[in-house]
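Asks: So the chains spell out like this:
Number of protein chains: 2
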Amino acid sequence: MSADQAQPDGEGSTYDEFETRIERIANVANAGGVLRWDQEVVMPEAGTPARAKQLSTLSSISHELLTADETGQLLEELEKSDLDGEQAAAVREIRRRYDRETSVPQELVEEISETTANAHPTWTKAKEEDDFETFAPTLEKLVELKREYANHIDPDADPYAVLFAEYEPYLDLETAERVLERLRDELVPLIDAIQDSDTEIETDAFSGEFDDDDQEALARDVLDSLGYDWSRGRLDTAPHPFSSGTQYDARVTTRFEEDDLLGSITSVIHEFGHANYTLGLPDEHYGTPLGESRDLTVHESQSRLWENHVGRSRPFWEHFLPIARERFDELADVSPEAAYEAANQVYDDNLIRVEADELTYHLHIVIRFEIERELISGDLAVEDVPEVWNDKYEEYLGVRPETDAEGCLQDIHWSHGSFGYFPTYSLGSVLAAQLYAAAEDDIGSFDDQVREGEFDDLNGWLRENIHQHGKRYTTPDLIEDATGEAFTADYFLEYATSKYGELYELDDY
Amino acid sequence: MSADQAQPDGEGSTYDEFETRIERIANVANAGGVLRWDQEVVMPEAGTPARAKQLSTLSSISHELLTADETGQLLEELEKSDLDGEQAAAVREIRRRYDRETSVPQELVEEISETTANAHPTWTKAKEEDDFETFAPTLEKLVELKREYANHIDPDADPYAVLFAEYEPYLDLETAERVLERLRDELVPLIDAIQDSDTEIETDAFSGEFDDDDQEALARDVLDSLGYDWSRGRLDTAPHPFSSGTQYDARVTTRFEEDDLLGSITSVIHEFGHANYTLGLPDEHYGTPLGESRDLTVHESQSRLWENHVGRSRPFWEHFLPIARERFDELADVSPEAAYEAANQVYDDNLIRVEADELTYHLHIVIRFEIERELISGDLAVEDVPEVWNDKYEEYLGVRPETDAEGCLQDIHWSHGSFGYFPTYSLGSVLAAQLYAAAEDDIGSFDDQVREGEFDDLNGWLRENIHQHGKRYTTPDLIEDATGEAFTADYFLEYATSKYGELYELDDY
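Quick mapping for you: the protein sequence lines, in order, are chains A and B. Going by the working numbering, 119 is the number at position 109 of the first sequence; the sequence numbering is gapless. Going by the working numbering, 427 is the number at position 417 of the second sequence; the sequence numbering is gapless.
Treat the hints as calculated values from the structure; they're not laboratory data. Ideal Cβ positions, reconstructed from N, Cα and C, are used throughout, including at glycine. Treat the hints with care, as some may be off.
[As the list claims (entries may be wrong)] Quick partial rundown of chain B residues pointing at chain A, CB under 10 Å, derived from the structure:
| hint | residue |
| --- | --- |
| 1 | A41 |
| 2 | P251 |
| 3 | G255 |
[To be verified] According to the in silico footprint, chain A covers these stretches of chain B (three or more CB under 8 Å from chain A):
| hint | segment |
| --- | --- |
| 4 | 25-39 |
| 5 | 53-59 |
| 6 | 62-68 |
| 7 | 235-242 |
| 8 | 256-266 |
Build out the structure end to end from the sequences listed, making use of the hints.
Replies: Encoded structure:
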């Protein structure tokens, strides 16, 4: 069918052909998602070599289908056609992926893939042995390869901006930078004030040893309580908690540590937020961008909203503590206030991102952001990373790592070649606050409902304003439509200062 | 690369290119296997629509890769080249699949796929409501479509032979027919003699109610005892027990019924046999026919060998009963002999194939074989199936179904459009006996080893003579190499008459 005969709509039309093609690509990707879930959750240990080959085949098939000439021709025809808003959005999203994937030579993709596959054991060993030098050459190689990768996609752009756009295509790097700088500038003094405060909050509500099976039962209580749709999901354990799937089948994983009941509860709530977003995507658009979630910032806003704004709130603990007491006699004498305080303790000596509290977390992110920007720009040499890392921890958080294992080797991301990923964690938290404030502005405070374990209004608002749209709107448009304003850190900072000002009885907050 | 430049061997050769291509196809198929396991074992119920689309995409990609012109060209070049035995075998196997898949029009494949998808609920309802008439038009349609399908593959052949070759490509239909006729002719009088015998064997060793969790623990004991490699496998429950996977990851499923402990033990042993075959395929040939199992007859020979020749033997119960007693106090007073007798009871009133014993089972198969041959040839009209079915049950087994639900509607296979599948169940049992006899001929009786729970010699023989060869040899060659003779029912009939003659104290056996 030539361009001038193109029928944008209906059975047998160009759009129809395009949709069939992209649904195929989505099905291959979703099959890969099932294989990865299987690998993390149930696969026997010796299955790895065959699984790696299966996943590599699926990913190369998906790449070939996307970058095929036919895809390019369909995109060109459709871009000249009269499309409705949904169709235009689907075309926009596939065009973006097509342009990126066709601009990077396949050999480079394969070299990155091979380098990261080998980087993983190198990083694991370097971390175990606290030996940055053995990881440094690999990190240097990955920085070079990713710079080259970015250069293929857009030789005129800041390569870090191009890499960031891999995870967050629509909030530009300037926006991210502005938000992260504000977090740094305003959270550092807030955290200082907390550390100087004489107020002692209760932190031992959840100390003790808690049986794994009972923790799992309680994790199911959490999911029941939040309204997780078990007919479309499941809960399992995995070494690193994650959620994955589609609107038909969005699964949650978690892990249990005997001495960290609170951590398992907040982690399950976090993963619920991700899965709940996926479950809110429209069934009828399965397989197209209209049935897929927006990118990492929006996804993380959903997990953080449930984890922090719901799960770390006073009303939540008034609701949930009685449920938890049914499972654990140890909690019989714990008050909701004590649980609330324990869930919101701000640490003054924590070096590890994944163990950070709601406030210091963002300084962990800012440090990684600043370091990886300079790494990619070439302003920072790989060999200098440990010292710069430690200096920044001392400057922003008042603690200095004594080893690289608890310093710059702690996170897996760089060994994956993921540069530009970290900022989305903070951006997601910031967006969570903006969305929660907008929802309360529309509906009124959720406090009473949360206290009753009633989440339908909140979830309904998220479904209507975020989930159901899939990738219909770009991230800035989605945010503006949902909240009436552009993406802003105002609400997060307001929430943080007011919550922690009250909790730690800070005079100036 | 043109044919005269073809390099059959080494990096970058035509064979190398061929291998890369077929490994891709295998990876897509194996990914589909993971998705199907997931669907049967862990997928949330609402996941079906998306899963159906994912599986359909994978199967059409696999079909396209296989039937692409490139595959045909590679096959032609390689067939003109000087190949070693392994290469020639891989080419032979892919050629066979290529010729079959390219000869059937894609529209017909899709029509069959759509018809069977709809046939499943129709059959389920017809069976539930004991209403053959509502299933009849669907069955008629499927018979026509499969006849047409066979005709595309080979217009000169008996269409039933073509369909049978889908499941068993190398043992021709005449061989199958000869074996099944012998089973009918010799088992009918044997079963008659058993029914006329005054010997009462003990049948209630396993009567009682057995907790699911304890049954699962015992199923794990069974697998431990047989030497299942847990680093490459797992045990789960599924509505219909099956095993699936690759040599890196071959999983077993089972189900537990409170009142059927014996059934759960024999079913796990059966599935172990399948998985154990898969685990014996050579790692280095993963992704090619040399690393894939032979077809249904050989696969079923492996499950039946372990289920019947090991699991229904006296020495096995001498070994295993003490283990089972540790799990179930109810078995404290059961003797190995009583367990052996219960495991070998021949029923005189059973109508249901999947509940049949080791002997009557084959008459269930013969009946289906005779009926489906005539259905496909057109000598039997669909509307007459119930009566012919019931007559044959009366003739061969001395029982007449009172309903079609426990008659011709009992099995799912025809709703899948699977005609020619049933015979492989009996052929597998027959081959099991031939292999077990050959192994004992090589090594000596396994009785003492089985009594000690020692299976290494038996499994070693199977690994060496069957598993490690993958699809290297055709089924007749594989059998002849392993046993020194052509496929024969002699050993099965000898085993059956001697075992049951002794058990039921039959004078003439």
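Asks: Now tell me, hint by hint, if it's right for this structure.
Replies: Hints, verified against the model:
| no. | hint | result |
| --- | --- | --- |
| 1 | A41 | 5 Å, holds |
| 2 | P251 | 17 Å, violated |
| 3 | G255 | 8 Å, holds |
| 4 | 25-39 | holds (count 4) |
| 5 | 53-59 | holds (count 7) |
| 6 | 62-68 | holds (count 5) |
| 7 | 235-242 | holds (count 4) |
| 8 | 256-266 | holds (count 5) |
In this structure, the one hint that does not hold is number 2.
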